[in-house]
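Student: Kindly generate the complete structure, drawing on both the sequences and the hints.
There are 2 protein chains.
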Amino acid sequence: MLLVSLRERKRERTRQAIVAAAADLIERNGYERTTVADIAAAAEIGTRTFFSYFPTKEDVLFPEADGRVRATLAAIAGRWPSEGPAEVLVRALREAAASSEDLTGRMARLRLRLMHEVPAVRGRGLQIQMDGQREIARHLAAAYPSDLDPVAAGALAGALTGAVTGALQALFDDPPRWEDPDALRAAIERATTIALAPWASSAGSPPTPSR
Amino acid sequence: MLLVSLRERKRERTRQAIVAAAADLIERNGYERTTVADIAAAAEIGTRTFFSYFPTKEDVLFPEADGRVRATLAAIAGRWPSEGPAEVLVRALREAAASSEDLTGRMARLRLRLMHEVPAVRGRGLQIQMDGQREIARHLAAAYPSDLDPVAAGALAGALTGAVTGALQALFDDPPRWEDPDALRAAIERATTIALAPWASSAGSPPTPSR
DNA sequence: ACGTTAGCTGCACTCAGTGCAGAACTGCAA
DNA sequence: TTGCAGTTCTGCACTGAGTGCAGCTAACGT
Numbered sequence: 001m002l003l004v005s006l007r008e009r010k011r012e013r014t015r016q017a018i019v020a021a022a023a024d025l026i027e028r029n030g031y032e033r034t035t036v037a038d039i040a041a042a043a044e045i046g047t048r049t050f051f052s053y054f055p056t057k058e059d060v061l062f063p064e065a066d067g068r069v070r071a072t073l074a075a076i077a078g079r080w081p082s083e084g085p086a087e088v089l090v091r092a093l094r095e096a097a098a099s100s101e102d103l104t105g106r107m108a109r110l111r112l113r114l115m116h117e118v119p120a121v122r123g124r125g126l127q128i129q130m131d132g133q134r135e136i137a138r139h140l141a142a143a144y145p146s147d148l149d150p151v152a153a154g155a156l157a158g159a160l161t162g163a164v165t166g167a168l169q170a171l172f173d174d175p176p177r178w179e180d181p182d183a184l185r186a187a188i189e190r191a192t193t194i195a196l197a198p199w200a201s202s203a204g205s206p207p208t209p210s211r
Numbered sequence: 001m002l003l004v005s006l007r008e009r010k011r012e013r014t015r016q017a018i019v020a021a022a023a024d025l026i027e028r029n030g031y032e033r034t035t036v037a038d039i040a041a042a043a044e045i046g047t048r049t050f051f052s053y054f055p056t057k058e059d060v061l062f063p064e065a066d067g068r069v070r071a072t073l074a075a076i077a078g079r080w081p082s083e084g085p086a087e088v089l090v091r092a093l094r095e096a097a098a099s100s101e102d103l104t105g106r107m108a109r110l111r112l113r114l115m116h117e118v119p120a121v122r123g124r125g126l127q128i129q130m131d132g133q134r135e136i137a138r139h140l141a142a143a144y145p146s147d148l149d150p151v152a153a154g155a156l157a158g159a160l161t162g163a164v165t166g167a168l169q170a171l172f173d174d175p176p177r178w179e180d181p182d183a184l185r186a187a188i189e190r191a192t193t194i195a196l197a198p199w200a201s202s203a204g205s206p207p208t209p210s211r
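Those sequence lines, one after another, are chains A and B.
Under my numbering, the first sequence has 39 at position 39, and the numbering climbs by one with no breaks.
Under my numbering, the second sequence has 21 at position 21, and the numbering climbs by one with no breaks.
These are computed hints drawn from the structure, not numbers from a lab.
We put the CB at the ideal spot given by N, CA and C, even for glycine.
Be aware that one or more of the hints could be misleading.
Covered by chain B, according to a simulated footprint, are these stretches of chain A (three or more residues, beta-carbon under 8 Å) [what the hints assert, rightly or not]:
hint : region
1    : 127-135
2    : 149-161
3    : 184-194
Tutor: In structure tokens:
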């Protein structure tokens, strides 16, 4: 992320300002009661300019390209020779969960909460997730042409992300525990196990989850 | 679906008229270029009245509750005594794909196409799917209280529906054959079979991850 | 036949998002 | 430093989704 020109640095600073202003206002007043005009004013730009940074109001809540998707693609690209598709995905997910602030950052927590409470945000988030999943499936099919045809790769990627999403939904449904990163990690871990158990047998070499 | 009073019958007729008008106009002019006012005018109601039948424009494309969800809930309710949770879901999804009259109808085909082409429709569709998945998870957890806690049930339901959805997405990414209902149903069945194949063998021993 | 209630509709409004045209700014070179 | 070229910012006018309200019409129960 090396931004050389003044223009690019300035633009990036403005972008951050928009995101920060949006997070502040939405945390304080709620999503629906915060208008794009409010956010723009707080970030000291014109309302019109907001839409040259983010295509929709929802998108301001998803400012980084999904780190987990990038990590997964990297894991597929740098796979062990003996590693089966399911194992690659497990490894990618573990690494992402261990290293990233995806789950504990301020924006991430706000995003999780809003995905639960605001239909428009949930819809946008699910869309973005499907896009990532599709990308993962494509790379997976390309990396394991003899094991997986495109449809099977889609099923595998869908099973994993669907399991994680379903587990998190259940976790937040009952008594919403937003502030507990350990519960989050545990839920993801269990979802991974449940989703990939049926695939492990047909994946070539048996999974050897260290740790 | 027994509608006794005149009021209810009339309302149902109007509802059908709205759906039909929407399908016509959208098929002819596209989704974005069809306004709610157009649909209302074609159905011979006031624009305002549209929103007393459907909460948003997108919802007119999802007039019936998802048949797969209803079938799955029924399968859970009428489960074999020896059947594990994964087995029930696999059976329900297989049957739903086989007898998928609601996947080949006019509205269903239009919906499938628009879910691929129009972000707003895709977002709404994914939301509805998640709602159904949550419902399935709840019933599953209630039916197998000793095997599954809510989070595990969410993960399992998510894994299976995610697998099918991912497979269907991969399927539709490549050759969009929206015109031929028979080919469509065959393709959907094939994708479902592929998605569920890994679960078929190991479904006897449901995963019960301790922690 | 009559009061009650549910549904229909127009009106005025808010807000998201777009197209356009001009102003302001940055990058670069003379 | 100045001037030119390309980019970005911004106001303005507009479309379309969706809401709240108030008055009207039509079906309902008695």
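Student: Hints first: check each against the structure and report whether it holds.
Tutor: Hints, one by one, checked against the model:
Here the region 127-135 of chain A counts 4 residues with a CB under 8 Å from a CB of chain B, which clears the bar of 3, and the coverage holds. Requiring three or more residues with a Cβ within less than 8 Å of a Cβ of chain B, the coverage given for the region 149-161 of chain A holds, as 13 such residues are present. For a cut-off of 8 Å, the count of residues in the region 184-194 of chain A with a CB near a CB of chain B stands at 6, and the three-residue condition holds.
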